[in-house]
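> Chain by chain, the residues:
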Amino acid sequence: MKPPPFQYHDPKTLAEAVGLLGTLDNAKLLAGGQSLMPMLNMRFVLPDHVIDLNLVEGMAGIKETDGVLEIGAMTRQRELEFSDLVAAKCPLLHQALMHVGHRQTRNRGTIGGSLCHLDPAAELVTVCMAHDATIAVAGPGGTREIAFADFPAGYLTPAIELNEIVTAIRIPVWPAGHKAAFIEFSRRHGDFAIVSAAALLQIDGGRITRASLTIGGVAVAPVRATEVEQAIVGQAPTSELFAKVCESCRSFEAMADIHASAEYRQHLAVVLARRALEKAADLADNAPWNRAH
Amino acid sequence: MSNKIDLTLNINGQDHAVSVEPRKTLVDAIREDCALTGTHIGCEHGVCGACTVIVGGEAVRSCLMFAVQAQGKPIRTVEGLASGKTLHPLQRSFMAHHGLQCGFCTPGFLMLAVNTLEKNPAIGDEELLDVLSSNLCRCTGYQNIILAVKAAREDMRTKEEAVAG
Amino acid sequence: MAATLNPSDAKVGSQVGRSVPRLEGRDKVTGRAEYTHVMRLPGMVYAKLFRSTVAHGKIKSIDTSAAKKVPGVLHVVTVDDVMKVLKSPYYGPAFHDQPILAHEKVRFVGEPVAAVIATDPHIAEQAVQLITAEYEEMPAVFDEVEALTSDVFVHEQLKPAHTFADLKHLKDAKNTNVALSYNLRRGDFDKAFAAAEHQFEHEFKTQKVLHLSFEPFACICDFKDTHVTFYDSSQGPSFVRTEIARLLGWPENKVRIKVPYLGSGYGSKLYIKLEALALALAMIARKPVKVAHTFEEMFYQITRHPSTFRIKSGVDKNGKIVARKCEVYWNGGAYADIGPRVTQKSGLTAAGPYDIDNVWIDSHALYTNVTPSGALRGFGVPQLVWAYEGHTDMMARALKMDPVEFRRKNLAIEGRAHATGQILQDHPIEKVMDKVLERMEWSKPFDRGGNSHIKRGRGFAIANKAVISPTTSVAIVNVSADGSATLYCGTVDMGQGSDTAMAQMVAEVLNIPTEDVRVTPRDTDVTPYDMGTLGSRSLFHMGHAVRRAAEDARDKLKALAKEVGEPEGSNIPIAELFQKRYGMQAGNVIGSGIYKPDYTSPAPGTGQSPNVTPFWMLAGSGAEVEVDTETGHVKITKLITVVDCGKAINPKSVETQISGAALMHLGFTMFEKMHIDGGQVTNASLADYKIPGFHDLPTKLESLYVEHDQSNGPFGAKGVGEVATFCVGPALANAIDDACGVRIMEMPLNAETVYRALRAKMGKPLEDA
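Protein chains in written order, with my numbering: chain A, 275 to 567; chain B, 1407 to 1571; chain C, 130 to 898.
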């Protein structure tokens, strides 16, 4: 199991990286390598050039400006996991990170790499969808921003041009005191999720004033359960309400593969949607497979 | 089309000048070009963890890195654990508690555990299990690996306290 | 401590029964242990394989021209090239049916069709991608039951090896996929079944799973015109030597197989795997050639047999099983490997550890167009237990009998006859079952949980297995002139701890510390014959040979003492003894031992024999589970496995063998599965084929043994490599049934399967949702 031959480039600046990407044919960007390297080793990907982003200055870091968490694309998942800022401002991301592979893979894996690989079951993709994040990209023509809802173009395919590089992820944070729950159904902890659910709730005076519910792993990209979101805003959070409205998740278009059939994924979407909302609203924590023991 | 690149890999404190194709993974370079075969190659796609080494202070899968990317960063492998004839507490513990059978996954587990315990000698049981869970073993049923790492944790902690005191 | 001839006191202490840390442990924790996968020889070149993409077809053409042009490629080899150096390119332990590279036809997706030899494995892999082949596709057969009556034949004619007398009648048989049918008849099944008060019939299935040793298959062949040397990741170097000698038409003494430590095997590295190919390639390259698999390639080498088991039982009004019929179909894949032996040797225990007067067993080995199947930690028995212990619980449930009492009523206890007619000895099955029940606290009230959607349940299972027989082991103990002892034995230590256990036996006899015994690496030029490290036979068979060799050495030392005039009972240091005899530190004392148990061939057609096996392996498992009825997720809160080990030579090694086997089988039961679509394996990687990790450990995993002295065993011991795998599957299925009332009869018991069963039981199948 050996990667194909390629030329290696290690630019030190973003401009240099963009320049290389714009001029080289059949080039692949290498971030943390936790998704691309297996594909290279198995010869699923056969690039002529590999552009390593690990030495590019200024592509990593976490900061908050005006209610937006800005994360450099090359920020390691481990940095995010141990970031107090992330834990305080974006508890959903913090919770989701615990499910991203293992700590050893988080040592290398980057947020930008995970988003660009765009696995349908990837936790960080689901979080970005839940938070209405925007993706900043740089290309020969300058920079632009993409709303995350428009980012997935298809299975494993982000909506960026071949000559563009994702530079940062901007996550609008929710007000202090908001509730977040990220749960997933995987064969075991550390495996890719079969189905995941991310819930964000703002509850004021016993009523839900704002809601976001996202289901990952069912379709080629995470889906916002807008019907559920609309139905619960203005209501008091109860298990009965959640059970009733989450039934609508059964109609999501679903994939089938060796890990689960489409109808089972649809069923899990219903169960996980309800359980994520229940967990976020502190009603119940019914995700036994989320804990080691 | 892929020319070789000259680089220096610093492994266990020793510099190795090697000339490798950029496509060569770190694990292949460590084994083939630096002749340190204690690091094993397992699945070669980042699942089993048999090739775990410590690069720049972090445990990583060396099949998911190219050798060129490790330039300038200290690398630690299983060969660097013992000092002379004196084994590292984890090595002693894996032996004493039967934390290995065929031994193929052992170097990877040792490097993962060393990295984990050095960073946090007081790591709790649940977190320890979660960190160790990145690596796989097909033989032992894991129980003795857990036993061995926990025993080494006590051993290393006692030592640290002795030094501190 | 200097070894002495006749220590008057027990200074050394008993070596048997000590949890000696494994002798090679230091090499393994320092990264210095030798594995074939790690080895390189000067001038060595590398081979990679081009594999078939069709399940069954005639090869029309193979285009190797582009591959040949890649710089660094030395040869691109097809079977035509092989046949220039080896006239007949077919090999195998039971049938000579497997070609070194596909010959005229391909019979499974992944079958090696061509090989590239290059100076570097990267180059070889790159060149392999440039090879193309055209096939005339033929209809294929994948299912074992279908294969019995299909008009698609995997082989044009059968080619039994001469090794097994009972396969002779199959020579040149045509128009069949049956490689062997084994039959056992005891009493009159039809009559007893018809007359029985209750009649039960069930069909159980198991899926295709594989060993996934962490050191993939690897073999280096260094061929010279006068002799050939292999460095081989093999569990059976003696067999490899015999088969390579046959292929070459050479005497065995020109073939040398060296086996370093194995990164495990579990039955995958038995008999002959990459060796014939490595031989042919080395003869062509005239350089040492290494063939080493990737993880992905292991999916195309050998797997466990999928099986279909139709089981029928008649039970009388008192709950006594009076008749049992077992029809077992083994999916052997495209080449027989050791499948016919699995079919026969496990077939004879298909009726379980029960006392049944009327038994009918038919066990069929079938060829199909998938990766070959062979031995995997249990030689077929786990597949059988999956069926008969599920069946047992289902009957108890239907009869409204307690599953413990139902089993107790039917257990085959010592002194009773097994279905083969052999009177059971050293068969304390009730002791094993009692220990499981005790650890499960079976007699106490069971908490079924208060949560509405989490249902708790528990179950258990018991089983036995007959060790494969008759087989032979030979050992040598060499005492050097300084008094140190070296053991030469062909048992391959692939992680089970055999080197340490064998050394403990030598140490026990010679009364020296185990750590002072050196076990030589396996090398057929040096280590004598052994049938193979398989089927839990080594500790018993090789253990006897080792014990005898050590006793022989001890007796010879005593004779030497007498010769040099030492008084009776002298405690002279051994080194001085040699000094006295040879005038300096010189000479050796060589003890040898050979062991082959008594055996009576089963009668053809009925399988009856008074002595079909020298010992029985006994196991029991108990499981507690929590089923999330909204998702089908099963959490295993307790898994207890108990085996009878005779005597634990090394208690910690025994426990680790049990915990490892139990967790491995938990994987086979709950989630492991090779997905095959039109003959194509669709999850041939560790990323998609899941094996157990830390988080799959049950909340409580207990690995226990009872010690019932094996009266004919060395130091009362017997093997425990496989036994803990037997009962895990049915114990879990029985627990799930107990928890939520669904019975799953085909592995694996993954969440979707359990959930679908729950929905079906509610009359609302998931597919109708």
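Take these hints with a grain of salt, some might be off.
[What the hints assert, rightly or not] Only pairs whose alpha carbons sit at most 20 Å apart, straight line, appear in this in silico DMTMM-like list of lysine to aspartate or glutamate:
id: 1; chain 1: C; residue 1: LYS802; chain 2: C; residue 2: ASP817
id: 2; chain 1: C; residue 1: LYS767; chain 2: B; residue 2: GLU1566
id: 3; chain 1: B; residue 1: LYS1479; chain 2: A; residue 2: ASP465
id: 4; chain 1: C; residue 1: LYS584; chain 2: A; residue 2: ASP559
id: 5; chain 1: B; residue 1: LYS1556; chain 2: C; residue 2: GLU644
id: 6; chain 1: B; residue 1: LYS1525; chain 2: A; residue 2: ASP326
id: 7; chain 1: C; residue 1: LYS234; chain 2: C; residue 2: GLU254
id: 8; chain 1: C; residue 1: LYS829; chain 2: B; residue 2: GLU1567
id: 9; chain 1: C; residue 1: LYS764; chain 2: B; residue 2: ASP1536
id: 10; chain 1: C; residue 1: LYS685; chain 2: C; residue 2: GLU697
id: 11; chain 1: B; residue 1: LYS1491; chain 2: C; residue 2: GLU644
id: 12; chain 1: B; residue 1: LYS1479; chain 2: A; residue 2: ASP478
id: 13; chain 1: C; residue 1: LYS529; chain 2: C; residue 2: GLU831
id: 14; chain 1: B; residue 1: LYS1491; chain 2: C; residue 2: GLU570
id: 15; chain 1: C; residue 1: LYS187; chain 2: C; residue 2: ASP249
id: 16; chain 1: C; residue 1: LYS893; chain 2: A; residue 2: GLU537
id: 17; chain 1: B; residue 1: LYS1525; chain 2: A; residue 2: ASP358
id: 18; chain 1: C; residue 1: LYS890; chain 2: A; residue 2: ASP322
id: 19; chain 1: B; residue 1: LYS1479; chain 2: A; residue 2: ASP559
These aren't lab readings, by the way, just hints derived from the structure by calculation.
> Does each hint fit the structure? Answer for all of them.
Here's how the hints hold up against the structure:
Between LYS802 (chain C) and ASP817 (chain C) the CA atoms are separated by roughly 10 Å; this keeps the pair inside 20 Å, and the hint holds. At roughly 37 Å between alpha-carbon atoms, LYS767 (chain C) and GLU1566 (chain B) are farther apart than 20 Å, so this suggested pair is violated. Distance hint between LYS1479 (chain B) and ASP465 (chain A) is unfulfilled; the C-alpha atoms sit about 29 Å from each other, more than 20 Å. Restraint check: the Cα-Cα separation between LYS584 (chain C) and ASP559 (chain A) comes to about 16 Å, which is no more than 20 Å; the hinted pair holds.
For the hint linking LYS1556 (chain B) to GLU644 (chain C), the alpha-carbon distance of about 26 Å lies beyond 20 Å, and the restraint is violated. Only pairs whose Cα atoms come within 20 Å are accepted, and LYS1525 (chain B) paired with ASP326 (chain A) is rejected, the gap being roughly 28 Å. At roughly 23 Å between alpha-carbon atoms, LYS234 (chain C) and GLU254 (chain C) are farther apart than 20 Å, so this suggested pair is violated. Of the pairs offered as hints, the one joining LYS829 (chain C) and GLU1567 (chain B) is violated, with about 33 Å between alpha carbons and a cut-off of 20 Å exceeded.
A C-alpha spacing of about 17 Å is found between LYS764 (chain C) and ASP1536 (chain B), which places the hinted pair at or below 20 Å, so the restraint holds. Our distance criterion of 20 Å between C-alpha atoms is met by LYS685 (chain C) and GLU697 (chain C), whose separation comes to about 14 Å. Taking the CA atoms of LYS1491 (chain B) and GLU644 (chain C), the gap is about 17 Å. The hint holds against a cut of 20 Å. Restraint check for LYS1479 (chain B) and ASP478 (chain A): not satisfied, since their Cα atoms lie roughly 51 Å apart, outside the 20 Å limit.
Taking the CA atoms of LYS529 (chain C) and GLU831 (chain C), the gap is near 30 Å; set against the 20 Å cutoff, the hint is violated. Taken as a hint, the LYS1491 (chain B) and GLU570 (chain C) pair is broken in the structure, with Cα atoms around 48 Å apart against an allowance of 20 Å. Distance restraint check for LYS187 (chain C) and ASP249 (chain C): the Cα-Cα separation of roughly 31 Å exceeds the 20 Å cut-off, and the hinted pair is therefore not satisfied. Distance check on the hinted pair: LYS893 (chain C) and GLU537 (chain A) sit about 13 Å apart at the alpha-carbon level, within 20 Å; holds.
With a C-alpha separation of about 18 Å, the suggested pair LYS1525 (chain B) and ASP358 (chain A) falls inside the 20 Å cut-off, and the hint holds. Only pairs whose Cα atoms come within 20 Å are accepted, and LYS890 (chain C) paired with ASP322 (chain A) is rejected, the gap being roughly 55 Å. Restraint check for LYS1479 (chain B) and ASP559 (chain A): the C-alpha separation of about 43 Å exceeds 20 Å, so the hint is violated.
Figure legend: structure checked against the earlier numbered hints; hints not met, in rising order: 2, 3, 5, 6, 7, 8, 12, 13, 14, 15, 18, 19.
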